[in-house]
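So the protein sequences, as listed, match chains Z and P. Take 1 as the starting number for the first sequence in my numbering and just add one per residue. Take 1 as the starting number for the second sequence in my numbering and just add one per residue.
Calculated from the structure, these hints are not laboratory results. All clues stand as given, with none of them false.
Straight-line Cα separation of at most 16 Å, EDC-like style, residue types lysine to aspartate or glutamate; simulated pairs:
#1 Z:Lys-336 to Z:Glu-300
#2 P:Lys-82 to P:Asp-40
#3 P:Lys-14 to Z:Glu-36
#4 P:Lys-85 to P:Asp-40
#5 P:Lys-82 to P:Glu-39
#6 Z:Lys-360 to Z:Glu-31
#7 P:Lys-9 to Z:Glu-36
#8 P:Lys-55 to P:Asp-12
#9 Z:Lys-259 to Z:Glu-296
#10 P:Lys-173 to P:Asp-112
#11 Z:Lys-35 to P:Asp-12
#12 P:Lys-162 to P:Glu-118
#13 P:Lys-6 to P:Glu-18
#14 P:Lys-86 to P:Asp-40
#15 Z:Lys-336 to Z:Glu-296
#16 P:Lys-55 to Z:Glu-36
#17 P:Lys-83 to P:Asp-40
#18 Z:Lys-336 to Z:Glu-299
#19 P:Lys-162 to P:Asp-112
#20 P:Lys-14 to Z:Glu-31
#21 P:Lys-86 to P:Glu-122
#22 P:Lys-14 to Z:Asp-24
#23 Z:Lys-409 to Z:Glu-449
#24 P:Lys-9 to P:Glu-63
#25 P:Lys-162 to Z:Glu-7
#26 P:Lys-6 to P:Glu-57
#27 P:Lys-14 to Z:Glu-28
#28 Z:Lys-35 to P:Glu-57
#29 P:Lys-55 to Z:Glu-31
#30 P:Lys-2 to P:Glu-63
#31 P:Lys-9 to Z:Glu-31
#32 P:Lys-68 to P:Asp-134
Each chain is listed here by its residues.
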Amino acid sequence: MKNNNFEDQFREAFSAFEPDLSTDVIWENVEPHLKETKKRRFLFFWWLAGGVSLVLFGLGLKQWNADSITSGVPAPEILETKIPTVESTVFFEEEDCTETQRDFAITLISNDQKYDVDKAVSKQKNGSITIAAITNTFVSPPSEKKHSEEIVYTKKESIVPEITPSENEIKADEIFVESENIEQPQESEPPLKKDKTEKSGKIKSEEKKKKSKKKRRIKPLRNKWKYNTTLVTGPVLPLRILSSRGNETYTNFRKDSEKGLGGFTIGSSFIAQSPRGLILSGGLEYIEFRERFRYETMEETTLTSIGTIAVVENADGEITETISGPVSTTTTTTRKVRHTNLYRYFSFPVGIGKAWRYRKNYWRVYGGLDFNLAFAFDGKIFTNSFTDTAPIREISSGENRTLYDRYFKRKAGLGLWLSTEYSRPVTNQLSWLIAPRIKLPLTSISATESEIGQRYVPISVQIGINYLINPPKKKKRRSKPKTSESF
Amino acid sequence: MKNIIKGCKQLDRKAQREMVNHLSPYLYVICRRYTAQHEDAQDLLQESLITIFNKIEKCKADEIAGFKSWCRRIAINKVLEKKRKKGLRLENLSGVLMPTTPVIQSQLNVHDILSLLERLPENHRVVFNLSIIDGYTHREIAELLNIPESSSRTFLTRARRKLQELMTANAKKKSLKN
Numbered sequence: 001m002k003n004n005n006f007e008d009q010f011r012e013a014f015s016a017f018e019p020d021l022s023t024d025v026i027w028e029n030v031e032p033h034l035k036e037t038k039k040r041r042f043l044f045f046w047w048l049a050g051g052v053s054l055v056l057f058g059l060g061l062k063q064w065n066a067d068s069i070t071s072g073v074p075a076p077e078i079l080e081t082k083i084p085t086v087e088s089t090v091f092f093e094e095e096d097c098t099e100t101q102r103d104f105a106i107t108l109i110s111n112d113q114k115y116d117v118d119k120a121v122s123k124q125k126n127g128s129i130t131i132a133a134i135t136n137t138f139v140s141p142p143s144e145k146k147h148s149e150e151i152v153y154t155k156k157e158s159i160v161p162e163i164t165p166s167e168n169e170i171k172a173d174e175i176f177v178e179s180e181n182i183e184q185p186q187e188s189e190p191p192l193k194k195d196k197t198e199k200s201g202k203i204k205s206e207e208k209k210k211k212s213k214k215k216r217r218i219k220p221l222r223n224k225w226k227y228n229t230t231l232v233t234g235p236v237l238p239l240r241i242l243s244s245r246g247n248e249t250y251t252n253f254r255k256d257s258e259k260g261l262g263g264f265t266i267g268s269s270f271i272a273q274s275p276r277g278l279i280l281s282g283g284l285e286y287i288e289f290r291e292r293f294r295y296e297t298m299e300e301t302t303l304t305s306i307g308t309i310a311v312v313e314n315a316d317g318e319i320t321e322t323i324s325g326p327v328s329t330t331t332t333t334t335r336k337v338r339h340t341n342l343y344r345y346f347s348f349p350v351g352i353g354k355a356w357r358y359r360k361n362y363w364r365v366y367g368g369l370d371f372n373l374a375f376a377f378d379g380k381i382f383t384n385s386f387t388d389t390a391p392i393r394e395i396s397s398g399e400n401r402t403l404y405d406r407y408f409k410r411k412a413g414l415g416l417w418l419s420t421e422y423s424r425p426v427t428n429q430l431s432w433l434i435a436p437r438i439k440l441p442l443t444s445i446s447a448t449e450s451e452i453g454q455r456y457v458p459i460s461v462q463i464g465i466n467y468l469i470n471p472p473k474k475k476k477r478r479s480k481p482k483t484s485e486s487f
Numbered sequence: 001m002k003n004i005i006k007g008c009k010q011l012d013r014k015a016q017r018e019m020v021n022h023l024s025p026y027l028y029v030i031c032r033r034y035t036a037q038h039e040d041a042q043d044l045l046q047e048s049l050i051t052i053f054n055k056i057e058k059c060k061a062d063e064i065a066g067f068k069s070w071c072r073r074i075a076i077n078k079v080l081e082k083k084r085k086k087g088l089r090l091e092n093l094s095g096v097l098m099p100t101t102p103v104i105q106s107q108l109n110v111h112d113i114l115s116l117l118e119r120l121p122e123n124h125r126v127v128f129n130l131s132i133i134d135g136y137t138h139r140e141i142a143e144l145l146n147i148p149e150s151s152s153r154t155f156l157t158r159a160r161r162k163l164q165e166l167m168t169a170n171a172k173k174k175s176l177k178n
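If we strip away everything but chain Z, and leave its shape as in the complex, we get (with noise of 0.2 Å):
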């Protein structure tokens, strides 16, 4: 009976007794050798999905940009542009010609270029005159062409009667005299400047005991901030946000005339984390991108002079009668002009937002303040005058200062930026990391006085590292303890 006393009462001490532990400790050093969650295996893919929803958000935007500006003027059509080769034609735009009216065709032409006039005048038809055209196309060779900015003049001439000839003898019509070159490239620019980790596998004991008899936290997980830095860069696609401050038509021009292009990013932050994963953070961010600048004007004169407008033959062919009277000549001049702008942001992006720790990877969500410290445009746009503007840039002190200053800001102001991040360590204190970011600016980068207010929102995949600045202290390896006794 003592004996059962003696058993039964250990076994009643142990059922009742209920230790002082933290199951919040045990928790913290268990769960991260536990199996992956389908909860965790979400994880990826709201991450994933944010980074979507990003740049559909940015897609979306600027599509309802393009619908709310109801374009009236249509879009300039473009000429002919770079053909490397030399080429005439002559052609008639009536079949009927004859040989008189062929060499008549030639005299209106300027003997020293060639025409190929044989081809084009291939039907006769005795008696009458018809109506000619002459097309002259020509082309400077590629050796005078220059680089991103080219001016493209097209000249198209049309030549009237202006008088009306004889009932049936004299059938006087336009002859049109189209010449197409390009001019002298203006001078181009120069090129403008271009710009953690935990301890993994098996709880250790030996790692965690102490030789003190003092209470202590087995595998204690961080319970301080963690510091770390970044450094990323990475791809730029700007949207443009275009407001039109009154003038519905320049804005169209400006809509039509200028197409971002792309760009990239580069930036530097600090990320304070806390032990339950809030994160603040600050850095400085760079970017730069380009955007195609385009338009086309068209200019018509019309000269009259003194001329030949009609000739008389017989039967035979033979010319027996010329009559002159006053030619109109109506000159179309296409001007076409390509530019390349750029576009510089220097900003101070401040944030708040939370962090995820999965095994050893990190997704992070947070955003919060853009402040823009400076902003530089650089390149040309489309005037409210509708010409283009000369290359105007940000000088501190230059002739083109007040020309930036009546179309742009020198510093783009407030912004919102969102972000989520992925990072993966590659060693203790080392981790690379991507993350697809947006800004949203709040205020334009138009100057006050501009007819239109203008806006860029960078959609941008960073991709970069991320350093840890305070890693976990390593622990000393607890020394074996020696057994009392063997089996």
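Once you've looked at the hints, dock chain P against the given chain Z.
What follows is chain P alone, placed relative to chain Z:
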């Protein structure tokens, strides 16, 4: 509790967190009986919990008692596994000692019992726990520790005798103090 077990099988973190709250005291006591120090017990507790959560799909018991029994076996196996890793040899004992009857000197609390168990040789403590507290038969103990049944009986007898000596000594000390 059933929902918690179900949640753990679905790898739900909240359910696992709840399970840690429920199981930790229970498993800690088991681990603590087999180990001399609190830290070792806590290590074993964590390792046991990790194994439980990662192999919970293999547990067919849906009832609380069955589940706890499964968890207890895991904890005990962890204890024994660790002792084997430490290089303890389970030697056979020859000869059979006559069982002695320990005398209860006074009412003991858990800390007193743990203190007494800590002073037992490790092999004695293991066999005592397996047999007296956890209800294993000598055959099962022999299989677990890879020793003959006779050795298991001997260890238990010695453990009992040692405990009696210790309890008698404690009682004398207390009476001297009073």
